[in-house]
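Once you've looked at the hints, dock chain F against the given chain E.
What follows is each chain in one-letter form.
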Amino acid sequence: MTEIKLAVQDLCVEFRNAGKTSLAVRDVSFTLGREKLAIVGESGSGKSTVGRSLLRLHPPTARVTAKTLRFADIDLLAASEKQIQAIRGARMSMIMQDPKYSLNPVVRVGEQIAEAYLAHHKVPHREARERALDMLAKVHIRDPQRVYDLYPHEVSGGMGQRIMIAMMVITDPQVIIADEPTSALDVSVRRQVLNVLEELVSERDLGLIFISHDLNLVRHFCDRVLVMYAGRVVESIAAADLDQASHPYTRGLLAALPSLDHRRATLPVLQRDPQWLNA
Amino acid sequence: MSMIEIASLSLCFGTGAALNAVLHDVDLSVAEGEAFGLVGESGSGKTTVLRCLAGQYQHWTGQLQVAGQTVTRNLPLNHYRTVQMVFQDPYASLHPRYTIDAALQEPLRIHGIDGRAQKVSEILRKVGLNDSFRFRYPHQLSGGQRQRVAIARALILRPRVLLLDEPTSALDVSVQAEILNLLADLRRQEGLTYLMVTHDLAVVAHLCDRVAVMQQGRVVETLDSQLLASDGATHAYTRLLVQASRDIQGIPIAV
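Same order as they appear, the protein sequences are chains E and F. Each step along the first sequence adds one to the number in UniProt numbering, with nothing skipped, and position 189 is 189. Each step along the second sequence adds one to the number in UniProt numbering, with nothing skipped, and position 64 is 64.
On the chain F side, residues computed to face chain E include the following (Cβ under 8 Å):
hint: 1; residue: E41
hint: 2; residue: S42
hint: 3; residue: V203
hint: 4; residue: A205
hint: 5; residue: L240
hint: 6; residue: L241
hint: 7; residue: R246
Using C-beta positions, here's what the derived DEER-type ranges look like:
hint: 8; chain 1: E; residue 1: R16; chain 2: F; residue 2: R125; range: 34 to 40 Å
hint: 9; chain 1: E; residue 1: D223; chain 2: F; residue 2: N20; range: 40 to 46 Å
hint: 10; chain 1: E; residue 1: R16; chain 2: F; residue 2: N130; range: 30 to 36 Å
hint: 11; chain 1: F; residue 1: A7; chain 2: E; residue 2: D241; range: 49 to 55 Å
hint: 12; chain 1: F; residue 1: L223; chain 2: E; residue 2: G33; range: 41 to 47 Å
hint: 13; chain 1: E; residue 1: R142; chain 2: F; residue 2: H59; range: 34 to 40 Å
hint: 14; chain 1: E; residue 1: D261; chain 2: F; residue 2: Q56; range: 32 to 38 Å
hint: 15; chain 1: F; residue 1: G14; chain 2: E; residue 2: D241; range: 50 to 56 Å
hint: 16; chain 1: E; residue 1: S29; chain 2: F; residue 2: A21; range: 52 to 58 Å
hint: 17; chain 1: E; residue 1: R126; chain 2: F; residue 2: L75; range: 55 to 61 Å
hint: 18; chain 1: E; residue 1: D205; chain 2: F; residue 2: H59; range: 54 to 60 Å
Please keep in mind that the hints were generated in silico from the structure rather than gathered at the bench. The structure displayed is predicted, hence computed values, not measured ones. We treat Cβ as the ideally placed atom computed from N, Cα and C, and that holds for glycine.
The shape of chain E in the complex, shown without the other chains:
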């Protein structure tokens, strides 16, 4: 592994709501180098919450604590809002799940990409437009000139997601957090989007955090996998070794997947062990 881009130690996130405190993330530790790190788990396991804490995207009701939360040489916990703004979207950016909801419906998609660039660079609008067009070509959009002037409802899901990727990569970040970037897409389109991500990651020496609930996808796409359950990391394993996963939760998730090649009369259902909450 090359230089460490992100270091997280004992990250906890609490939400306070109507006098009740709920612990969404508990003692999560990991480091990210130049690699593709997957965070998998069921809904509610806290995987997106981890991603959001890195960019300080939580509402004020959230309390984020950690022993270490470091991005390159910046302490993310101590950083001022201004410092975070200089990082967010520029040096570390996040790709959201569904382009239908994440793109502004009344602004042309090209303008939205250019806007991301302009937010962090003092350049003439014309130059931002040039860069946005380049970026659209980079994510394999065939006719950038035409697509630049489309509105989000005029593009398909796969194209929308590639536009989101273009928007997040145009500022040349070092770390990208992708929050279920392909779960709203068809299998055939999913490949395209993953190809684009893969290309960008290897071309630009990026660190990628790939949040997903799809173990099969992660197994082939990522280098390392963190498995989360109820706010904790229960297992950290190389993606290639997932078959040898030791934690019963990981094994249960793998077994519950229906498979094209091995038909079974009934699928084994995950048996949850209360012990896992404290493990």
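Below, chain F alone, put in the same frame as chain E:
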């Protein structure tokens, strides 16, 4: 005997220059007690076929038959005692301000069936829930529990055909396994016929006997679901789907 018979079903939206043909001469035949899958990418018209059968569109052309009865444009009430539908997203398909009890009683009331309370608690047990769920609201249930309620609502009129529109795509894999098992058990116990739409070939291979592959409003291939796994698909598009779902490793840059 075939339970669902679809012959040259076509459907268009819009008129004049904006005319958009969504289905082109779709032919399908599903035997009684069979689980039949419809696969294809979004926009291929799979859900539209279900909606025609469920009576949500009236302006289609062609012949539709369910359980020997011709499906007419204006469906009689008793059609819905034969055919019921389960929708994709259990977060959106249950009325947020109806209790589970109210949601399940509504179809019974519409059809003038008595002994409702009794029937509600029977059906809840059948889908693996119990009476403690009756007076809760949907937001007090997990995604998997909600989908069980949606299945219960479809089954409470004791239909013979269930139309399943991506019943597990909004659920986690662990919960998906529970729902798929439930659907397999119910089919065995009740002798139901399933027509299931999905884009997940592994789910189809698990639950269905036969599969039709749709592309741009046409059925391009109909085959046994075992053939999917054994490379028995002949149409290029089917093979593409199989390949896409089997591996994402060694991705060729073919964008």
